[in-house]
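**Student:** This is what each chain is made of:
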Amino acid sequence: SQQGEEDPQALSIQEGENATMNCSYKTSINNLQWYRQNSGRGLVHLILIRSNEREKHSGRLRVTLDTSKKSSSLLITASRAADTASYFCATVTGGGNKLTFGTGTQLKVEL
Amino acid sequence: DAGITQSPRYKITETGRQVTLMCHQTWSHSYMFWYRQDLGHGLRLIYYSAAADITDKGEVPDGYVVSRSKTENFPLTLESATRSQTSVYFCASSAKVRTSGANVLTFGAGSRLTVL
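Residue numbers (the working numbering), protein chains in the order written: chain X, 404 to 514; chain Z, 16 to 131.
Just so you know, the hints here were simulated from the structure itself, not pulled from any lab data.
Be careful, since some hints might not be right.
Claimed, not checked - Heads up, simulated DSS-like pairs for lysine-lysine below, C-alpha to C-alpha not over 27 Å straight-line:
1) X/Lys-473 x X/Lys-501
2) Z/Lys-72 x X/Lys-429
3) Z/Lys-85 x X/Lys-511
4) X/Lys-501 x Z/Lys-72
Turn these sequences into a full structure, and let the hints steer you where they fit.
**Tutor:** Encoded structure:
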């Protein structure tokens with residue numbers, strides 16, 4: 404079963420706009436991670452936020468975590484065509500090392 | 016080359032045949048994982064390994080076998096391929112992030128398997 408569910412499933416925006424993707428999960432987590440997947444490629448790690456953190460920044464990326472709502476959001480500011488990809492959230496529960504992935508959000512950034 | 020490599024990248028086989036997908040990493044990461052990716056399901060964990068000679072089942076292990084005799088290799092075998100195993104398979108290895116102590120996955124490029 405999926406731990407994380409991303410919303411929306413697909414998102415299309417213009418270059419320069421901000422893109423926001425949401426992730427909801429079911430059980431308590433140790434940390435939550437976001438990954439990007441370009442078409443035909445493997446996933447690439449973007450950012451990690453621990454359960455005791457509320458917000459993290461990395462370049463044009465901003466991640467928030469609300470453990471009371473069991474949700475996270477990924478904001479990409481000033482989007483570029485190169486940001487076109489699928490974005491996945493992944494959760495780690497307990498003391499384990501397994502990541503459980505959501506179904507992903509397909510982002511298309513148009514020129 | 017440093018990194019994580021999967022082979023073959025593309026494979027077409029027939030129902031009932033045995034297929035082995037190879038995964039090799041050069042970082043000496045302790046943890047290695049096999050995921051399959053299907054439309055509508057995202058990535059699902061098949062098997063993982065915490066170290067050489069230590070493997071454990073993931074979410075969808077049926078029909079698959081793994082071994083880990085060396086830290087750097089983690090092959091995935093489909094003993095008798097079925098059409099439902101048509102998928103893209105990703106191998107990943109895990110390094111702990113120093114600042115947080117959490118594991119971050121590095122993925123291979125994937126192996127696209129078609130079972131006819």
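**Student:** Now tell me if each hint is right for this structure.
**Tutor:** To see whether the hints hold, each was checked on the structure:
Proposed proximity of X/Lys-473 and X/Lys-501 is supported: the alpha carbons are some 18 Å apart, at most 27 Å. With a CA separation close to 21 Å, the supplied pair Z/Lys-72 and X/Lys-429 stays within the 27 Å bound. At roughly 41 Å between alpha-carbon atoms, Z/Lys-85 and X/Lys-511 are farther apart than 27 Å, so this suggested pair is violated. The hinted pair formed by X/Lys-501 and Z/Lys-72 meets the criterion: a straight-line CA distance of about 11 Å does not exceed 27 Å.
Of the numbered hints given earlier, the model fails hint 3 alone.
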